[in-house]
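Colleague: Chain residues, written in single-letter form:
2 protein chains.
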Amino acid sequence: MLYLIGLGLGDEKDITLRGLEAVKKCEKVYMEAYTSLLSFGLSTDGLSTLEKLYGKPITVADREMVEEKVDSVLSEATSFDVAFLVVGDPFGATTHTDLVVRAKELGVEVKVIHNASVMNAVGICGLQLYRYGETISIPFFTDTWKPDSFYEKIQRNRELGLHTLCLLDIKVKEPTWESLCRGKKLYEPPRFMTINTAIEQLLEIEQNCGDRGESAYNEDTNCVGLARLGSEDQKIVAGTMRQLLAVDFGAPLHCLVIAGTTHPIEEEMLNMYKLKGV
Amino acid sequence: MLYLIGLGLGDEKDITLRGLEAVKKCEKVYMEAYTSLLSFGLSTDGLSTLEKLYGKPITVADREMVEEKVDSVLSEATSFDVAFLVVGDPFGATTHTDLVVRAKELGVEVKVIHNASVMNAVGICGLQLYRYGETISIPFFTDTWKPDSFYEKIQRNRELGLHTLCLLDIKVKEPTWESLCRGKKLYEPPRFMTINTAIEQLLEIEQNCGDRGESAYNEDTNCVGLARLGSEDQKIVAGTMRQLLAVDFGAPLHCLVIAGTTHPIEEEMLNMYKLKGV
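For the protein sequence lines, the chains are W and H, in the order given.
When we follow UniProt numbering, the leftmost residue of the first sequence carries the number 1, and every step to the right adds one.
When we follow UniProt numbering, the leftmost residue of the second sequence carries the number 1, and every step to the right adds one.
Note that these hints are calculated values from the structure, not bench results.
Warning: the hint list may mix true and false statements.
Note: identical chains are not told apart, hence a pair may lie in one copy or across any two.
What the hints assert, rightly or not - Calculated pairs, DSS-like style, for lysine-lysine (alpha carbon to alpha carbon, straight line, at most 27 angstroms): (1) 104 <-> 25; (2) 235 <-> 56; (3) 24 <-> 52; (4) 56 <-> 13; (5) 28 <-> 104; (6) 185 <-> 171; (7) 185 <-> 69; (8) 25 <-> 13; (9) 13 <-> 153; (10) 69 <-> 28; (11) 104 <-> 274; (12) 171 <-> 235; (13) 13 <-> 28; (14) 235 <-> 25; (15) 173 <-> 276; (16) 185 <-> 13.
With these hints in hand, go ahead and build the complete structure from the sequences.
Modeller: Here you go:
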């Protein structure tokens, strides 16, 4: 049996009782590294905290490993119970459908244990979940690569009065340019996009697209920035893009919501997060 | 302090360690009755199972109580720790923003403990969460009241190729017609909408709106029905509206997803849920 277990958003205490029970009976425990490196601080003490709680070692599975060794993990799951831990929910922002489909092909039974993910916990900002349109992802721009396909999605959401959840880029285990040239495996340090960078990029794109006579948002558009959502030290600030540009949201992970039209009850809640004295 | 604690979707084991820790230190524990009556089967043993786990009594708070006595609950929270338990996530399908706003007004600190809700757990069907448009709610039709404002939302989502999550009506503690006339408090037994009823109503509305030359979907449109999502005995079936009409999904709660355009990886996952031999 393969248990696909959501860990929630904060720390080791956000696993459910059902999830903990499953981990404890599994012979082998893998943990997806993609977001966990940043949100659980696995480079430092995060991993050992989890190992202590579970009473067994965890193998951190980076993307390479998941892609290259998925069949060997799944073949283990044919003979004993294996846990695959995922930050948030197994089908949240980073989905694991490919793992489930492959398991099915190999005849491995899969049990999913859900948890909170950014996709629902973002509701805490007061903008109601059922009034969100399509979710977008904002990638890091480079000097020569500035994809803007998210722009028209935001525009569509805004025209319909809907809110837009923006997931911000995470770069984990990106091979360095040098390593690509030399065939050696060297990786860039992990990077995550801040709310500030996201807004800068959004405004840059708006300027370009605005020239074409469109306008999806501007510096005065209301947004909510959410950092470390679900953690003890989460930071949520509501304000215009211009205002949020000046806020230091601190450590990762960050995400951003661009508000659509707001209802009175939503506004009351947003007011709680507004910058004071601005 | 007021702890607003999500219980997740299945049973008592779906609370998080953080949530359980908070409940245990609270002097008073309330539980929202709106969805819990149905999903936790509180009329039978569900409540006592929870009380045993928490080691303290739970006061079930129906909507009337939440509306009428919210200030007394909140005033308790100024002098000791109070837990307010919510099925799913506190800001999921049924939001509790009004409670948070009122707490803030009274100077009560609020701590939110997230969990899975239908809004993210629905990702298990394989249709990826970031490709959903606006969520809709389908109310019970009566002979004289057939609101169809959800129709154009589905239509918009489908035109954009997006999936639509349909939340289905729940009627809990509805006063009887007799009680309204006599001024006595008598309530209808709880009712929940099945996937079958939802599809019947959707097709009825399509027929009416189709006459106006529009068409958002039809009997051959692909959908996924999800019953008791997140429970041990959840039932997920993918198929056309016509096919799902004939499926017995069993006990509540039910929800329905109307698929937009699907990607290959989504289709692979949907195939796992398709009816065999149809």
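Colleague: Decide, hint by hint, whether the structure agrees.
Modeller: Results of checking the hints against the structure:
| no. | hint | result |
| --- | --- | --- |
| 1 | 104 <-> 25 | within (22 angstroms within a copy, 43 angstroms between copies) |
| 2 | 235 <-> 56 | neither (33 angstroms within a copy, 33 angstroms between copies) |
| 3 | 24 <-> 52 | both (11 angstroms within a copy, 22 angstroms between copies) |
| 4 | 56 <-> 13 | both (16 angstroms within a copy, 21 angstroms between copies) |
| 5 | 28 <-> 104 | within (19 angstroms within a copy, 45 angstroms between copies) |
| 6 | 185 <-> 171 | within (16 angstroms within a copy, 59 angstroms between copies) |
| 7 | 185 <-> 69 | within (17 angstroms within a copy, 63 angstroms between copies) |
| 8 | 25 <-> 13 | both (18 angstroms within a copy, 15 angstroms between copies) |
| 9 | 13 <-> 153 | neither (36 angstroms within a copy, 39 angstroms between copies) |
| 10 | 69 <-> 28 | within (14 angstroms within a copy, 49 angstroms between copies) |
| 11 | 104 <-> 274 | between (47 angstroms within a copy, 14 angstroms between copies) |
| 12 | 171 <-> 235 | within (22 angstroms within a copy, 37 angstroms between copies) |
| 13 | 13 <-> 28 | both (20 angstroms within a copy, 22 angstroms between copies) |
| 14 | 235 <-> 25 | between (36 angstroms within a copy, 25 angstroms between copies) |
| 15 | 173 <-> 276 | neither (39 angstroms within a copy, 42 angstroms between copies) |
| 16 | 185 <-> 13 | neither (35 angstroms within a copy, 43 angstroms between copies) |
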